[in-house]
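Trainee: Use the sequences and the hints to build the structure in full.
From first to last, the protein sequence lines are chains A and B. As numbered in the numbering used here, residues 1 to 317 make up the first sequence, in order. As numbered in the numbering used here, residues 1 to 317 make up the second sequence, in order.
Keep in mind the hints are simulated off the structure, nothing from the lab. Fair warning: this is a prediction, and the values are worked out from it, not measured in the lab. Mixed in with the good hints there might be a few duds.
No more than 27 Å apart at the CA atoms, straight line, and that leaves these computed lysine-lysine pairs for DSSO-like [unchecked claim]:
#1 K280(A) / K217(A)
#2 K300(A) / K300(B)
#3 K295(A) / K270(A)
#4 K300(A) / K290(B)
#5 K295(A) / K221(B)
#6 K300(B) / K24(A)
#7 K136(A) / K300(B)
#8 K295(B) / K300(A)
#9 K300(A) / K168(B)
#10 K270(A) / K189(A)
#11 K97(A) / K24(A)
#12 K209(B) / K231(B)
#13 K231(B) / K221(B)
#14 K290(B) / K300(B)
#15 K270(B) / K136(A)
#16 K179(B) / K300(A)
#17 K290(A) / K300(B)
#18 K136(A) / K295(B)
#19 K189(B) / K179(B)
#20 K168(A) / K300(B)
#21 K295(A) / K300(B)
#22 K280(B) / K270(B)
2 protein chains.
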Amino acid sequence: ALVTSFNASATNEPIQPIQAVTPKNPDLVELGKMLFFDPRLSKSGWISCNSCHNLSMGGTDNIPSSIGHAWQQGPINAPTVLNSSMNLAQFWDGRAKDLKEQAGGPIANPGEMASTHELAVSVLNSIPQYRAKFEKVFGSDKVDIDRVTTAIAAFEETLVTPGSRFDKWLEGDKNALNKQELEGYKLFKSSGCTGCHNGPAVGGALYQKFGVHHPYKTDSKIEGRKSVTGKDTDLNVFKVPTLRNIELTYPYFHDGAVWTLEEAVTIMGKLQLDRDFNKKEVDSIVAFMKTLTGKQPDIKLPILPPSNNDTPRPQPF
Amino acid sequence: ALVTSFNASATNEPIQPIQAVTPKNPDLVELGKMLFFDPRLSKSGWISCNSCHNLSMGGTDNIPSSIGHAWQQGPINAPTVLNSSMNLAQFWDGRAKDLKEQAGGPIANPGEMASTHELAVSVLNSIPQYRAKFEKVFGSDKVDIDRVTTAIAAFEETLVTPGSRFDKWLEGDKNALNKQELEGYKLFKSSGCTGCHNGPAVGGALYQKFGVHHPYKTDSKIEGRKSVTGKDTDLNVFKVPTLRNIELTYPYFHDGAVWTLEEAVTIMGKLQLDRDFNKKEVDSIVAFMKTLTGKQPDIKLPILPPSNNDTPRPQPF
Ligand code: HEC
Ligand code: HEC
Ligand code: HEC
Ligand code: HEC
Ligand SMILES: [Ca+2]
Ligand SMILES: [Ca+2]
Ligand SMILES: [Ca+2]
Ligand SMILES: [Mg+2]
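Mentor: Dropping the structure here:
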């Protein structure tokens, strides 16, 4: 009875708890983890997925725009991979339909890992220990980009962060939030933030214009959904970002220009809701948002099989 | 009686098994691990010790010379941090007397992490969760470079790799090596390799000239011990590198110019011993050297405490 009433209270909320994930195919996930950490997917041999989506740091790089091959400055802030399986689509503009489609992108992006699918695959194919793992998981030891991205996506699907204080509160532990945090949550709902930031990921479920009431001032040339649909009405429309683990994923916004949650909340209030929050209101929303930090994935660092005499060599310079 | 005879046989060998390490102060080691993985010790916020001494890849970066801040090309190959506590001194030229003294170097090296000790310390000092860990370990919550390097060194002292097949053989398991590997080991001893590569780390215990009988041809300007002692006789004298995990720490030599163990062995034979090994001999020594790969450290990826409004920001570009 107790459990039922907790569930009932949670279902009335616009945010749902994150569910733990038990991988269906642990070998596939383990292979995906190796690939996520393997810098040999990059031209230099030095940049892995984890370089920009550091799982020690909330699945991000915590810099405004990413450093890519040869220290190129990327055009946009790296979103977290944590809970990214819950996104309606991947990238700020949603141009990849899912994690598998997304994972092929950075490997071959000249500004990121700067390799090619052919080169990355030939590196993996040259390593018998990798081939054995592909064989175990896929039934044959052929490495191809489809299998590589399938494995990476399977690993990413395990990167969920249940157990936040807010989820404990949703699940019925009324002491999990203090007074300020609870006030923040109430204001987050009543002022309209949950219109966009909702669902288990507190975001990720829809596209919205950034700058509903007032334009966002930025030097960034990024156009958002317009670059996918070609429509002028999609200018500055972005996938609403998850607010899970938001304390860890600074700096904020697609241009990474805002370093504090206080400033991000103030901007959201003004631009999206035409509302000027006072300091107490901002502080309470920030306090609430910090309760969204969940248990970070337990990652045992993978030991990667060595390259050998047949492995194409990295080209760092 | 059996055990005694195994020990006796091992002590007659020029190489001794690596002993597992049980840390005296696990909290100190855990703090050191966090610092080893924390890219906020660098100016960019993107380069950690683990970027160049990747514990997924034998404690190295597997590229000829390291990539540093702003993609600067480093002058020398990054040696492994595995078993580095056994070195008589640190760096190829031995210019740091121990791991603690060494650890201060890369943080403030403009070609590596490009920060300053002051900046790195102020980043850590701004983070209450770090200060609490320093308090627990050192008795007060002051972060200073001395404590930072003490913690990193304590972590590095745990990075030993016992349990290699060769160590099993040394400990009496006569089936741990096959015929070719054993022949390789005998040749490694009889031809004189163990004159320089000996002790538990199979190296790291003395300085020797690279190019005893014939000069090494390289574009590198590195002078070895001469840059420490100023003596002409120390030109091209280097710390003899460990051969533990040598299959993982390619490419080889201080200039990282040699990618295969076969070529490295051929060069060592000619330059250091004036001996031309035939293919069978080279292959057997290589087969032996691959038995020196030990159990890689079990590392649980540390979760780093987030920066906050008071933390100095990274300067990636
Ligand atoms: C050089 C930095 C860099 C590297 C390396 C990198 N990423 Fe990303 N990642 C980014 C940036 C920047 C974005 C946002 C791009 C955009 O939206 O246009 C992104 C977006 C993503 C997203 C979408 C998240 C969301 O909420 O939309 C996922 C998932 C992801 N990356 C996974 C990966 C994987 C898997 C790899 C390795 C195969 C990888 N990344 C390598 C920087 C990087
Ligand atoms: C009309 C939709 C909408 C509403 C309402 C809205 N947001 Fe947002 N929010 C977005 C979009 C879209 C972005 C991404 C903006 C960008 O960077 O391009 C965003 C970004 C954010 C970010 C930065 C996330 C990150 O990882 O960079 C925070 C924090 C945030 N919102 C909090 C709030 C709060 C608090 C409220 C209520 C005061 C709110 N939002 C209301 C759509 C909305
Ligand atoms: C940008 C790449 C890079 C970074 C970052 C880096 N190192 Fe190194 N490390 C090197 C190179 C290159 C050398 C060899 C330098 C020399 O001998 O002159 C080295 C040498 C060492 C050695 C000596 C090993 C031996 O056998 O002599 C140790 C120990 C070490 N580093 C630990 C660390 C620690 C701890 C950090 C972080 C505080 C770190 N390194 C950061 C590239 C790097
Ligand atoms: C007289 C001393 C001496 C002898 C004898 C010697 N070595 Fe070395 N060895 C060194 C030194 C010094 C280096 C480092 C050279 C450099 O890169 O500057 C080295 C480097 C190596 C390396 C590369 C290690 C790395 O991590 O880059 C290998 C492999 C190696 N030796 C194997 C052997 C073998 C096999 C033999 C016997 C055939 C041998 N050595 C004999 C001193 C010696
Ligand atoms: Ca814009
Ligand atoms: Ca961010
Ligand atoms: Ca090397
Ligand atoms: Mg600003």
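Trainee: Straight-line Cα separation of K280(A) and K217(A) no greater than 27 Å?
Mentor: 25 Å, holds
Trainee: Would you mind confirming whether the straight-line C-alpha gap from K270(B) to K136(A) stays at or under 27 Å?
Mentor: Answer violated: K270(B) to K136(A) is near 43 Å, above 27 Å.
Trainee: Holds or violated: K270(A) and K189(A), Cα atoms, limit 27 Å.
Mentor: 16 Å, holds
Trainee: Does K270(B) sit within 27 Å of K280(B), going by the straight-line distance between their CA atoms?
Mentor: OK: K280(B) and K270(B) at ~16 Å, within 27 Å.
Trainee: Under the criterion that the straight-line Cα-Cα distance not exceed 27 Å, is the pair K295(A), K270(A) satisfied?
Mentor: 32 Å, violated
Trainee: Keeping to a limit of 27 Å between CA atoms, is the pair of K290(A) and K300(B) held or broken?
Mentor: 25 Å, holds
Trainee: Hinted pair, alpha-carbon criterion (27 Å max): K295(A), K221(B). Please report holds or violated.
Mentor: 49 Å, violated
Trainee: If you draw a straight line from the CA of K300(A) to the CA of K300(B), is it 27 Å or shorter?
Mentor: 4 Å, holds
Trainee: Sort out whether K290(B) lies within 27 Å of K300(A), counting only the CA atoms.
Mentor: At roughly 25 Å apart (the allowed maximum being 27 Å), K290(B) and K300(A) satisfy the hint.
Trainee: Holds or violated: K295(A) with K300(B), Cα cutoff 27 Å?
Mentor: With Cα atoms ~14 Å apart, K295(A) and K300(B) stay inside 27 Å; holds.
Trainee: Hint check: K97(A) vs K24(A), CA-CA at most 27 Å. Holds or violated?
Mentor: 22 Å, holds
Trainee: For the pair supplied as a hint, K295(B) and K300(A), confirm whether the alpha-carbon distance does not exceed 27 Å.
Mentor: The hint holds at about 14 Å.
The structure fails hints 3, 5, 15, 16 (numbered hints given earlier, in ascending order).
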